[in-house]
Amino acid sequence: MIKTFNKGGVHPPENKISRNAALEQLIPEGIIQIFISQHIGAPAECIVAKGDKVKTGQLIAKANGFVSANVHSSVSGTVLGIENIADYQGIKKPAICIQVEGDEWEESIDRSTEINRDLSKTSEEILAKITEAGLVGLGGATFPTHVKLAVPKGKTAKAIIINGAECEPYLTSDYRVMLEHGEELLIGVQLLKKAVNVDKAYIGIETNKQDAIDSLKKTAVNYSGIEIVSLEPKYPQGGEKQLIKSITGIEVPDRALPIETGCIVSNICTTLAVYEAVQKNKPLFENSITVTGKNLKVQKNFIVRVGTPLSQLIKAIGGIPENTGKIISGGPMMGRAISNMEAPTMKGSGAIVFITDDEAKRGTKSNCIRCSKCVAACPMRLQPFLLYKLAERNMLEELKENSIHACIECGCCLYTCPANLPLVDYVRLGKTRAMKLIAKPK
Amino acid sequence: MDSTILTTVIMLGILAAILAAVLYMVAQRFKVVEDERIDGTESILPGANCGGCGYTGCRAFAEALVKTDDISVMFCPVGGNAAMTKIAEYLGKKVEAKDNEIAVVRCAGSCENRQRVNEFDGATSCAVMAATYSGDTNCSYGCLGKGDCVSVCNFGAIYINGETMLPEIDEDKCTACGSCTKACPKLIIELRKKGPKSRRIYVSCINKDKGAVARKACKVACIGCAACRKACTFESIVIENFLAYIDPNKCRLCRKCVEACPTESIIELNFPPRKPKVEIQEQKTDNASSEIEQNKIVL
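Going down the list, the sequences are from chains X and Y. For what it's worth, the numbering used here labels the leading residue of the first sequence as 10, then goes sequentially. For what it's worth, the numbering used here labels the leading residue of the second sequence as 454, then goes sequentially.
No lab work stands behind these hints: they were computed from the structure. Given the structure is predicted, the values throughout are model-derived calculations rather than measurements. Yeah, the Cβ is synthetic: ideal placement off N, Cα and C, and Gly gets one too. Hints may contain errors.
[What the hints assert, rightly or not] Which chain Y residues face chain X? A few, computed with CB under 7 Å, are given here:
hint, residue
1, T457
2, P499
3, C503
4, G575
5, S587
[Claimed, not checked] Keeping only pairs whose Cα atoms sit at most 30 Å apart, straight-line, the calculated BS3-like set for lysine-lysine is:
hint, chain 1, residue 1, chain 2, residue 2
6, Y, K647, Y, K672
7, X, K64, X, K102
8, Y, K672, X, K101
9, X, K102, Y, K661
10, X, K164, X, K409
11, X, K25, X, K62
12, Y, K703, X, K370
13, Y, K551, X, K101
14, X, K71, X, K25
15, Y, K626, Y, K669
16, X, K101, Y, K635
17, X, K227, X, K25
18, X, K398, Y, K647
19, X, K102, Y, K709
20, X, K335, Y, K639
21, Y, K635, Y, K728
22, Y, K484, Y, K551
23, X, K335, Y, K551
24, X, K226, X, K71
25, Y, K639, X, K374
26, X, K64, X, K226
27, Y, K703, Y, K551
28, X, K335, Y, K669
29, X, K335, Y, K661
30, X, K71, Y, K661
31, Y, K663, X, K71
[Claimed, not checked] So the derived label-pair ranges between C-beta atoms look like this:
hint, chain 1, residue 1, chain 2, residue 2, range
32, X, F75, Y, E572, 51 to 61 Å
33, Y, P725, X, N429, 35 to 45 Å
34, Y, C707, X, K101, 53 to 63 Å
35, Y, E565, X, A31, 42 to 52 Å
36, X, N429, Y, E565, 43 to 53 Å
37, Y, N607, X, G163, 22 to 32 Å
38, Y, D700, X, R442, 43 to 53 Å
39, X, D263, Y, L468, 48 to 58 Å
40, Y, E487, X, E269, 27 to 37 Å
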C-alpha cells in the first residue's frame, strides 16, 4: 500500500537526472576550511593551534555543551590557523584552515570495506560513539544526533523512522546510498533501534525509487523489525511531521516535538553515518553531495570531505556551464542560492544544483487574488497569503496568533502562487521576528 | 383613537425621562476625569505620530509629558526645541535644549564605487535580503539599496538616488525621528548632530573588514589607515575594527581629515567651496595665456 499525508503538498517535476551516477570519492587538494559551527546549537571549541599536524578523522573542535557536536579533521595536514571564512551566503564565520598533505587516517578507524554485522554493543556504548563522532542530522537541519536520540523524561520512544523520501527534485544522494550501502544502512537502523530501545523501525521511500525499495526489502528479510514503507511521490513527503503522518497516521501536535508521537526520525545519510561511527569508528567528516543540473555534461554523486572548497566540486564536473542562472545549495525547493563559490562545504551540504538561465528567475510579481492555492498547498494548514501580508506589515502579534511558528518553510505556497508573490521570503522573515517575540521572557 | 396616541406619547415620555435620569447618573458616577493639559500639550506637538519620541504616538507622548515630573530627558525630534520650550512653558516644567539632529547614510558604495557581483531575485526588501545572505556586492556591511528606510519615513525625507542606488536625505524634511535607523537591517543610517549651518563631517562607511578586503570590495571604503586620526588636532576620531568614527561632539569641522583620507570615505556637507590651491591657479593662468596666444595666431 502506498502511504501519504493528506493535506497539502505539491509535486514538482522530479528531474532526478543524476540517479544513475554511482557515488564517487572526491579527495580535496590545497587548503580546506572547516567551520567550527556545523550544527544547530553552541559552536564547538577549537582544540588545535596553528602549525599542528592533524590526521584524517582527528578531533579538532570539541563540543561545547550538550546541544553541540564534535568537529573532526577531514584531511591530514597542517593547521594554518583559525580565520573568518565566508560561507555559501557570504556570511563570515570562524573556520579552521588546514593545508592538505596526503591522506593519512587515524589508526582507530576501520577502513576495510567488509561489513561489520556485530550488534552486541549496548545502548550506552552506541550513544557514546555517536556523540564522539560528532553526528548531526544530514537532512539539512544539522541538529546534533545524540540530542535527538536522548528521549526526554516522561516520554517513550516507540519507533524509529528513516527518511528515505528524498522528495526534493534533483537530489539523488540518499537514493545512491540506499542502493549502494543498503546493508550498512540496515545495520545502522538496528543500532539506532538499540540506542533508544525500540523494536520497530520504518524506512519510508517514495515509489519513484522503486529499485531502492526492492533492494532494501530483499536485504531487510535478514533484519528483524524493519519495515520498508512505499510513499507517494509528493513534496514535502520527507518533512519530519509529514513523514510521521504518512507512515504512522499520527499527527504531530502543534508546538510539540515528534517524540510526542513516540517517533524518532532520522535521515538516510545520518543512519549510514551511525553505522560508520559505531561499527567502523569513523567520525563524521565526509558526506554525499549530488552535483547536478540540466545544463551539466556530467551528473555526479560525490562523497565529499567536509570543508572542501566548492570550486573543487565545480572543477570536478568541468566548470560552470555558460547558461547557468543560479547555483543552489540543497534542493531547489528549500535550498538557498550560493553567492560565494569559494565557500567550503559543510556537514549539512546535500547538493549543488545548477539552474539554467531561463528557469532561474522568478516571474513578475502581481497582486494576490485570494485564489487560495497557497492555502490548499500548505502541508501545515496555514494561510500563507495572510502570513505574507502580516509579515510585510511587521504585525508580530497577529503573526503569532496565526501560528507562524508552525511554518516549515517548504516553499509549496510560493511554488503554486500564480501571482509570483515572495511568500516564503516574508514568512521566513516574519517567523524570525515573531519567534523572538514568543521567546521573550515575560 | 385619541386615547391610544395620548397613552403612547405619555408612556414613551415617561420612559425617556427615566432613562435620561439613569444615563445622567451613570455619566456622573463613572466620569473619566482627564487632565485638560494633555489636550493642550497634544495641540502643541506636531501630530506626526512618528514614534520618534519613543512613545506610540503624539497623544501617548503628551500624556507622558503631563504625568512625568522631570521631562528633561524627553524630546520630540519633529517639533524640536521650539515645541519643547512651548510645552515646558505650558506645563511649567523644565526642558533642556538639544542639538538638532539629522539622519546620515554611512555608505557611499554606489554602483560605480562598489561592483555588484550577483543579482538578488527575492522580495524587494532590505530585511529579507539581509536575512538571506551578505548582499549583492563583496561588502557585507554596505547598503542593500532596496529602500526599507524609504518606506518607513513618514516625512518623505529619504529617497533612493536612481544613479547611485543609495538612499539620500532631504535635509529640509528630515526630522530625525529615527524610524529609518531602526528599519535599516545593516544599521547604516545614524542620527548625527546637524551642526552649525548644517555643516557636518562623517565617515561614510561602516565596513569592519581589514583594509585590503574592504578596499577590494569598494573604492570608497574606510580602510582603517588612521591617516584621519593623525590629521585630527582635536582627538575626535577613534578607529576600531579597521573603521574610523568621528565623534560629532569633539569634531570642530576643520576638514583636515577629509583631505587626509586616501579613499575619500570621509564626507563633508554644506561647506563653502575651498579656496583653490595656488598650483591650480598657476595652471589656469597658463591656460589663459596660451589661449590668448592662440587667439593672436588666429588673428
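We went through each hint and held it up to the structure:
1. T457: 55 Å, violated
2. P499: The hint is violated - Y:P499 has no Cβ within 7 Å of chain X, the shortest such distance being about 24 Å.
3. C503: Violated: closest Cβ of chain X sits about 16 Å from Y:C503, beyond 7 Å.
4. G575: For Y:G575, the interface hint holds, since the closest Cβ of chain X sits about 5 Å away, which is under 7 Å.
5. S587: This interface hint holds because 3 Å falls under the 7 Å limit.
6. Y:K647 - Y:K672: Holds: Y:K647 and Y:K672 sit about 27 Å apart, inside 30 Å.
7. X:K64 - X:K102: 23 Å, holds
8. Y:K672 - X:K101: Holds, at about 21 Å.
9. X:K102 - Y:K661: The given pair, whose Cα atoms are some 14 Å apart, holds under the 30 Å limit.
10. X:K164 - X:K409: 27 Å, holds
11. X:K25 - X:K62: 41 Å, violated
12. Y:K703 - X:K370: 50 Å, violated
13. Y:K551 - X:K101: 40 Å, violated
14. X:K71 - X:K25: The hint is violated at about 37 Å.
15. Y:K626 - Y:K669: Between Y:K626 and Y:K669 the Cα gap is close to 35 Å, so the pair fails against 30 Å, i.e. violated.
16. X:K101 - Y:K635: Distance ~23 Å between X:K101 and Y:K635 Cα, so the pair holds.
17. X:K227 - X:K25: Judged against 30 Å, a Cα distance of about 24 Å means the pair holds.
18. X:K398 - Y:K647: With Cα atoms ~37 Å apart, X:K398 and Y:K647 exceed 30 Å; violated.
19. X:K102 - Y:K709: Violated: X:K102 and Y:K709 sit about 37 Å apart, past 30 Å.
20. X:K335 - Y:K639: 25 Å, holds
21. Y:K635 - Y:K728: 39 Å, violated
22. Y:K484 - Y:K551: Given that 30 Å is the threshold and the Cα spacing comes to 39 Å, the pair is violated.
23. X:K335 - Y:K551: Between X:K335 and Y:K551 the Cα gap is close to 51 Å, so the pair fails against 30 Å, i.e. violated.
24. X:K226 - X:K71: 39 Å, violated
25. Y:K639 - X:K374: Given that 30 Å is the threshold and the Cα spacing comes to 26 Å, the pair holds.
26. X:K64 - X:K226: Not satisfied, since the Cα-Cα distance of roughly 38 Å exceeds 30 Å.
27. Y:K703 - Y:K551: Holds: Y:K703 and Y:K551 sit about 16 Å apart, inside 30 Å.
28. X:K335 - Y:K669: 24 Å, holds
29. X:K335 - Y:K661: 29 Å, holds
30. X:K71 - Y:K661: Since the Cα atoms of X:K71 and Y:K661 sit roughly 29 Å apart, the hinted pair holds (cutoff 30 Å).
31. Y:K663 - X:K71: 29 Å, holds
32. X:F75 - Y:E572: 51 to 61 Å: Hint violated: Cβ distance 42 Å, outside 51 to 61 Å.
33. Y:P725 - X:N429: 35 to 45 Å: Violated, since Y:P725 and X:N429 (Cβ atoms, about 51 Å apart) do not stay within the stated range.
34. Y:C707 - X:K101: 53 to 63 Å: Roughly 36 Å apart at Cβ, these two residues miss the hinted range, so it is violated.
35. Y:E565 - X:A31: 42 to 52 Å: 50 Å, holds
36. X:N429 - Y:E565: 43 to 53 Å: With Cβ atoms ~31 Å apart, the hint is violated.
37. Y:N607 - X:G163: 22 to 32 Å: 52 Å, violated
38. Y:D700 - X:R442: 43 to 53 Å: 33 Å, violated
39. X:D263 - Y:L468: 48 to 58 Å: The hinted range 48 to 58 Å holds for X:D263 and Y:L468, with Cβ atoms some 53 Å apart.
40. Y:E487 - X:E269: 27 to 37 Å: Once the Cβ atoms are compared, 51 Å apart, the range 27 to 37 Å for X:E269 and Y:E487 is violated.
The structure does not agree with the numbered hints 1, 2, 3, 11, 12, 13, 14, 15, 18, 19, 21, 22, 23, 24, 26, 32, 33, 34, 36, 37, 38, 40 stated previously, though it agrees with the rest.
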